[in-house]
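Participant: Each chain is listed here by its residues.
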Amino acid sequence: MRKITSARRASLLLSAGLVAVSLPVFGHHGTGIAYDSEKPTEVKGTVTEFQWLNPHARLFIDAKGPNGAIERWAVEMNSPGVMIRQGWTRRQFKPGDEITITVFPAKSGALVGSCIGRCKVIVNGVDNTVKAPDGNEQF
Amino acid sequence: MRKWMLWSIGAALLSFLILAPAASAQDAAGARAGARARNATPPPGPPHDPHDLNGVWLLAGGAGNGAGRPRLGSEWIQGELPLTPAGLEKLNGNHAAKGPRGDVPAKGNDPISDANVPGLLRTLVYSRPFQFIQTSDKVAQLFEWFRIWREIWTDGRKMPEDPGPRFYGYSVAQWDGDVLDVDTFGLDSRLWADEWGMPFSENMRVRERWHRLDRDNLELTLTFTDPEMYTRPFTSETKHFRLQTKGMPDAEMLEVIFTPMDEKDFNKTIRDPSSLGIEGPKSGVRQPPQR
Numbered sequence: 001m002r003k004i005t006s007a008r009r010a011s012l013l014l015s016a017g018l019v020a021v022s023l024p025v026f027g028h029h030g031t032g033i034a035y036d037s038e039k040p041t042e043v044k045g046t047v048t049e050f051q052w053l054n055p056h057a058r059l060f061i062d063a064k065g066p067n068g069a070i071e072r073w074a075v076e077m078n079s080p081g082v083m084i085r086q087g088w089t090r091r092q093f094k095p096g097d098e099i100t101i102t103v104f105p106a107k108s109g110a111l112v113g114s115c116i117g118r119c120k121v122i123v124n125g126v127d128n129t130v131k132a133p134d135g136n137e138q139f
Numbered sequence: 001m002r003k004w005m006l007w008s009i010g011a012a013l014l015s016f017l018i019l020a021p022a023a024s025a026q027d028a029a030g031a032r033a034g035a036r037a038r039n040a041t042p043p044p045g046p047p048h049d050p051h052d053l054n055g056v057w058l059l060a061g062g063a064g065n066g067a068g069r070p071r072l073g074s075e076w077i078q079g080e081l082p083l084t085p086a087g088l089e090k091l092n093g094n095h096a097a098k099g100p101r102g103d104v105p106a107k108g109n110d111p112i113s114d115a116n117v118p119g120l121l122r123t124l125v126y127s128r129p130f131q132f133i134q135t136s137d138k139v140a141q142l143f144e145w146f147r148i149w150r151e152i153w154t155d156g157r158k159m160p161e162d163p164g165p166r167f168y169g170y171s172v173a174q175w176d177g178d179v180l181d182v183d184t185f186g187l188d189s190r191l192w193a194d195e196w197g198m199p200f201s202e203n204m205r206v207r208e209r210w211h212r213l214d215r216d217n218l219e220l221t222l223t224f225t226d227p228e229m230y231t232r233p234f235t236s237e238t239k240h241f242r243l244q245t246k247g248m249p250d251a252e253m254l255e256v257i258f259t260p261m262d263e264k265d266f267n268k269t270i271r272d273p274s275s276l277g278i279e280g281p282k283s284g285v286r287q288p289p290q291r
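Note that the protein sequences, when read in sequence, are chains A and B.
Numbering follows the numbering used here, in which position 83 of the first sequence is assigned residue number 83; successive positions increment by one, without gaps.
Numbering follows the numbering used here, in which position 218 of the second sequence is assigned residue number 218; successive positions increment by one, without gaps.
Don't read these hints as lab results, they were simulated from the structure.
Backbone N, C-alpha and C define an ideal beta-carbon position, used for all residues, glycine too.
Do not rely on the hints blindly, as some may be mistaken.
[Stated by the list, open to error] Here chain A is said to cover these stretches of chain B; the calculated rule only asks that three of the stretch's residues, wherever they fall, bring their Cβ under 8 Å from a Cβ of chain A: (1) 51 to 57; (2) 92 to 104.
[Said to hold, decoys possible] DEER-style ranges, computed between Cβ atoms: (3) A:Ser37 with B:Asn109: 22 to 30 Å; (4) A:Glu38 with B:Pro160: 49 to 57 Å; (5) A:Thr89 with B:Asp181: 39 to 47 Å.
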């Protein structure tokens, strides 16, 4: 197997990053209109399940609500195909992970949020946010 | 190696320049940028045999959210659809979750929301890669979206009298100079021609004109003829496709198949709660503060 040199790796990352920046254009037949894109909301809690399925992946989180009660959140992510091209994998999240994720909440009041293309994601203290090559977060 | 690196960076920058403006199309400014991206002509590539369509291709730009587009518009044209009364009635019955008439998806009736196939026209205008494979008697078009293919017959056969209904139609073609001139008929009219709910009848005839400009660029225009739905034949805006070569993220097509079991689960956990404000099987509803 050919060894990936650091220069090649750098150029590959740059390619992936630049393409990732342009990927949110691949909006789906889904649900974008249901979310409030003006109201980014931080959800902090524990991952209970991650479903790597079409049409869009979904992430479930138990978060601590304002009054201390557990709030069960469902987060809609992009389709696995698009996420693969952004560098994500089906093992990106696992039950028990401590997560802080900024989502666009459903306008309806349901505890459902959107993280499609642009959202800040920190898992077990590690920043998983999709970044542009200049290091800027796509959020 | 340096050549490989330069190519890789160049390809990525190109992809960024073509697609990035549309990525922010969640607001008016983004929508304008998206419209620019969709209409922009990508930069030229080296010369190539225009009769060789082989390769993996990706639509440059995406659908956007329809901001700034007319209410009776389509992803295929900039202006309004020339609808007949029957066409308007059918369009009004197609409740899309995207586009200028979009509503929350749970209130819609998009066929794809039940994991039905998108069909030919909707697939052609959706930004997922496809591959052309040419043989002596046909051109096969392999689509990543739903992992489906169709055949464009180039062996001189005539269009069958009644080929439909088919989700991907029946297509025969011939070369008109450097343009592959495709006649498609027999499309199943239960589907939509785009994500915004553009209607068509089972008698619609579509003329596809594929033109490879150079190694990297392919163009498509469609002419729709459907007297039942539209008052006159009309031609789409030109859609631009870029060649995806080894090492580019879209060069290798993935398995993108929607299934009823996944779709039902998605509807229960995401689509219905987000649209209707109801509690999902794995999510709650925020209660208003008690006074």
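Participant: For the hint 39 to 47 Å, verify it against the beta carbon of A:Thr89 and that of B:Asp181.
Facilitator: Holds - the Cβ-Cβ distance for A:Thr89 and B:Asp181, about 43 Å, lies within 39 to 47 Å.
Participant: Confirm or reject the coverage of the region 51 to 57 of chain B by chain A under the rule of 3 or more residues with a beta carbon closer than 8 Å to the chain's beta carbons.
Facilitator: violated (count 0)
Participant: Quick check on a hinted range of 49 to 57 Å for A:Glu38 and B:Pro160, using CB atoms only.
Facilitator: holds (53 Å)
Participant: Does the beta carbon distance between A:Ser37 and B:Asn109 stay inside 22 to 30 Å, or does it fall outside?
Facilitator: Holds - the Cβ-Cβ distance for A:Ser37 and B:Asn109, about 24 Å, lies within 22 to 30 Å.
Participant: Examine the region 92 to 104 of chain B for residues whose CB is less than 8 Å from any CB of chain A, and state whether their number is three or more.
Facilitator: As far as the region 92 to 104 of chain B goes, the hint holds, because 5 residues have Cβ atoms under 8 Å from chain A.
When held up to the earlier numbered hints, the structure conflicts with hint 1 and nothing else.
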